[in-house]
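Trainee: Those protein sequences? They're chains S and E, same order as listed.
All residue numbers for the first sequence refer to this note's numbering, where the first residue is 32 and numbers rise by one.
All residue numbers for the second sequence refer to this note's numbering, where the first residue is 11 and numbers rise by one.
Possibly wrong hints are sitting among the right ones.
[To be verified] Think about it this way: if two alpha-carbon atoms lie no more than 30 angstroms apart in a straight line, the pair counts; the simulated BS3-like pairs of lysine-lysine are:
| no. | chain 1 | residue 1 | chain 2 | residue 2 |
| --- | --- | --- | --- | --- |
| 1 | S | Lys166 | S | Lys239 |
| 2 | S | Lys112 | E | Lys258 |
| 3 | S | Lys108 | E | Lys258 |
| 4 | E | Lys21 | S | Lys166 |
[What the hints assert, rightly or not] Some chain E residues well away from chain S (every beta-carbon gap over 12 angstroms; in silico):
| no. | residue |
| --- | --- |
| 5 | Phe32 |
| 6 | Tyr57 |
| 7 | Leu58 |
| 8 | Asp161 |
| 9 | Glu203 |
| 10 | Thr209 |
| 11 | Ile225 |
| 12 | Ala251 |
| 13 | Val254 |
| 14 | Met259 |
| 15 | Val327 |
| 16 | Ile341 |
| 17 | Thr343 |
| 18 | Ala347 |
[Stated by the list, open to error] Coverage of chain S stretches by chain E, computed from C-beta distances (three or more under 8 angstroms per stretch; other residues unrestricted):
| no. | stretch |
| --- | --- |
| 19 | 94 to 108 |
| 20 | 130 to 143 |
| 21 | 184 to 197 |
Note that these hints are calculated values from the structure, not bench results.
Note that the structure is predicted; figures quoted are calculated from it, not measured.
No residue lacks a Cβ here, since even glycine has one placed at the ideal position from N, Cα and C.
Next come the chains, spelled out residue by residue.
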Amino acid sequence: MANAPLLELRDVHVHYGVIEAVRGINLTVNEGEVVTLIGGNGAGKTTTLRAISMVHGPSHGQILFRGEDITTLQSHKVVQKGIIQVPEGRHIFPNMSVAENLEMGAFQRTVARKQLDQELDHIFGLFPRLKERRKQMGGTLSGGEQQMLAIGRALMAKPVILMLDEPSMGLAPQVVELVFEVIAQVNADGVPILLIEQNAQMALQAAKRGYVIETGEIVLEDEARSLLGNDRVRKAYLGEE
Amino acid sequence: MAAVLKNPGIKRFSDNVAKFWFAMGPFRYLVAAGLMILVPVIMERGYLPEWTLLGYLDGLYGTNILFTTGVWILLALGLNVVVGMAGLLDLGYVAFLMLGAYTTALFTESGSAEQFHFAILNPWLALPIALVVAMLAGVLLGVPTLRLRGDYLAIVTLGFHEIVRQTMNNLEVTNGSRGIFGIPHPSVPVTGELGLDGTPYWQWLLVPAIILAVIMIKHLENSRVGRYWTALREDEVAAAAMGVPVTKMKVLAFVIGASTSGVAGWIYAVKLNYISPNNFPLLQSILVLCAVVIGGLGSIAGAVLGAALVIMLPEIVREASGGAEVFGFDIETGRIAVFGVLLIIVMIFRPGGLLAAKRRRVELMEAGAADMVISEAGPDPDETAAPVGQEPVVTEGDDVRAPSEGGEER
Ligand SMILES: Nc1ncnc2c1ncn2[C@@H]1O[C@H](COP(=O)(O)OP(=O)(O)OP(=O)(O)O)[C@@H](O)[C@H]1O
Ligand SMILES: [Mg+2]
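For reference, chain S alone in the conformation it holds in the complex:
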């Protein structure tokens, strides 16, 4: 399976009871890529991500990670494989300090204290704001800081692939910019990324390839640059006439 994609969704369907929120999507992420999945509210983006992480698995279809079907695994086993997500809406641990939140990201791995400190320093290098606030409780951080923390925590898990669900949601433009800078940097360090976004402009600029999802189906799939120029995308997602 040497040339299998890192992550591959084959005809994935996801149901909530009788409601079919994702209707047979195919999607791949290759080594080193940033791939974005864009779509409007309720299109099924979060559902797709939760299916990949097996928090709410698919009702039909396959999800292959390095050629191996992971739909039989429990969600914590998926995490152990290095498939790490930053869930929608910045779920951080409110009563843990910034540093402790970050350490929670690493606790699936057995890391020596010294190395852990180095890894923390690396995250603090990406997000200096977090360093200043390393002892502050997570719940008292601003929205932007919480998003940085959620991303930092996911990075502490040493992802083989990182999946982010609308990391720019509700953030001020400068913070969005910072978040995208970090995404680029993480990718430059060799981590492939699946980026879910409504901010199509930023996402398509950051990504190599993109998928557009509407009511549970992939309606477009192309190089990100081409999608940026695509009429349908421009109208529906870039607010252009």
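Using the hints, position chain E with the ligands against chain S.
Mentor: Okay, now just chain E with the ligands, sitting in the frame of chain S:
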């Protein structure tokens, strides 16, 4: 109350006691056991002066209160795992006590000759069965409620208590509302068969069970499991994203929680000889929760203190006022009255509970700086005096309900 606890003299004293206590290492459990076994003997003889408050609880009356207190300490320890550590609000916890007690009755030579039995065993052999039945019930409650959170879980567990109680009330094999009598006392070495006096139960059964439970729970708390529970309690979505086996950990919390009350149920049944559904009103489940909250959610020492308060304080108030009443109420109503008031006072002045679980500092924090952090995190610099071990465990276990930083945000 808060003022007293903040008094620098008292705080220094309690800090020193705590330091001394933890300096003993594992040996402290032996010392605790020794004290717990000795004090009741003195108490029973009436040698304790009244200002110790325990002095009011002398004679057979006192030993029976001590017995009840022991049972409740086991209950509070177990419920603290479920609610305080894993953050699962269980309002029907006494169901497990009931199951332990009834299992004991149905596996020993109890009741009349016609009374139904699964088997007639030595009471000691009924102990592991009661334990296993309670733990299985933990799975039974845990699995279907996995998807429920907060209020919904609370309501289902509330129902669970009533379902178990009504089942016992209506089944023929449990002799319905008449209950089962004649549950045999167990025998122990030296003393022989235990009788109706509470002290030997306390010394032979409750103290060892409590110490074992504390050691087990402390061990879990300091292990990966404790860390998982903390994450789960803090934010389930984040916990799942970080690879916490959510399902397993929730069920495990219910099972561990149920284990102590299964044992408590066995001790309860073999001491009292008689059990009936009326012994287990729903209010008991609420009172155990009350004990855990007053003591401090997530705090092991707090659970012990809370249980002791819930059982002993109303009795002490009654004895001290020299009558049969507690503030003009009968003892059971008085208990609720006392606890309603105490709960409100504690929640106002020490929202984390009397012995609030202190965040065990992840040792990345430099030793000195850690204190500063806690006070800068919130307006209330009231560091709890709770003695909490500072075992040098790498990034393990973390309790987070200290009043200074919890509360408002949740
Ligand atoms: N737990 C659930 N139970 C039932 N239906 C759900 C559940 N979660 C999501 N849905 C439905 O599935 C559909 C897809 O939801 P999803 O959260 O995946 O959308 P999304 O693309 O992430 O939208 P947004 O950008 O608003 O986050 C929606 O119609 C939603 O109502
Ligand atoms: Mg979404």
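Trainee: So is the stretch 94 to 108 of chain S in contact with chain E by the C-beta rule, three or more residues under 8 angstroms, or is the coverage claim wrong?
Mentor: holds (count 3)
Trainee: Is the claim that E/Glu203 lies outside the interface with chain S correct, judged by CB distances over 12 angstroms?
Mentor: 49 angstroms, holds
Trainee: When you look at the beta carbon of E/Leu58, is every beta carbon of chain S farther off than 12 angstroms?
Mentor: Given that every Cβ of chain S is farther than 12 angstroms from that of E/Leu58, nearest at about 40 angstroms, it holds.
Trainee: Would you mind confirming whether the straight-line C-alpha gap from S/Lys108 to E/Lys258 stays at or under 30 angstroms?
Mentor: 12 angstroms, holds
Trainee: Say whether it holds or is violated: E/Val254 keeps its Cβ farther than 12 angstroms from all Cβ of chain S.
Mentor: 6 angstroms, violated
Trainee: May I ask you to check that E/Ala251 keeps its beta-carbon over 12 angstroms from the closest beta-carbon of chain S?
Mentor: Since the minimum Cβ distance to chain S is about 5 angstroms, E/Ala251 lies within 12 angstroms and the statement is violated.
Trainee: So if I understand the rule, the pair passes when the alpha-carbon distance is 30 angstroms or less; does S/Lys112 with E/Lys258 pass?
Mentor: Within the cut-off at roughly 19 angstroms; holds.
Trainee: Evaluate the condition: distance from the CB of E/Phe32 to the nearest CB of chain S exceeds 12 angstroms.
Mentor: With a cut-off of 12 angstroms, E/Phe32 remains clear of chain S, as the shortest Cβ separation is near 22 angstroms.
Trainee: Just double-check E/Ala347 for me: nearest Cβ-Cβ distance to chain S has to come out over 12 angstroms.
Mentor: 33 angstroms, holds
Trainee: Just want to verify: E/Ile225 was marked as not at the interface with chain S; is every Cβ pair farther apart than 12 angstroms?
Mentor: With a cut-off of 12 angstroms, E/Ile225 remains clear of chain S, as the shortest Cβ separation is near 24 angstroms.
Trainee: Below or equal to 30 angstroms on CA atoms is what counts here, so check S/Lys166 against S/Lys239.
Mentor: Violated, at roughly 37 angstroms.
Trainee: Non-interface claim for E/Thr209: all C-beta distances to chain S beyond 12 angstroms?
Mentor: It holds; E/Thr209 is separated from chain S by about 42 angstroms at its closest Cβ, greater than 12 angstroms.
In the structure shown, a violation is registered for the earlier hints numbered 1, 12, 13, 14, in ascending order.
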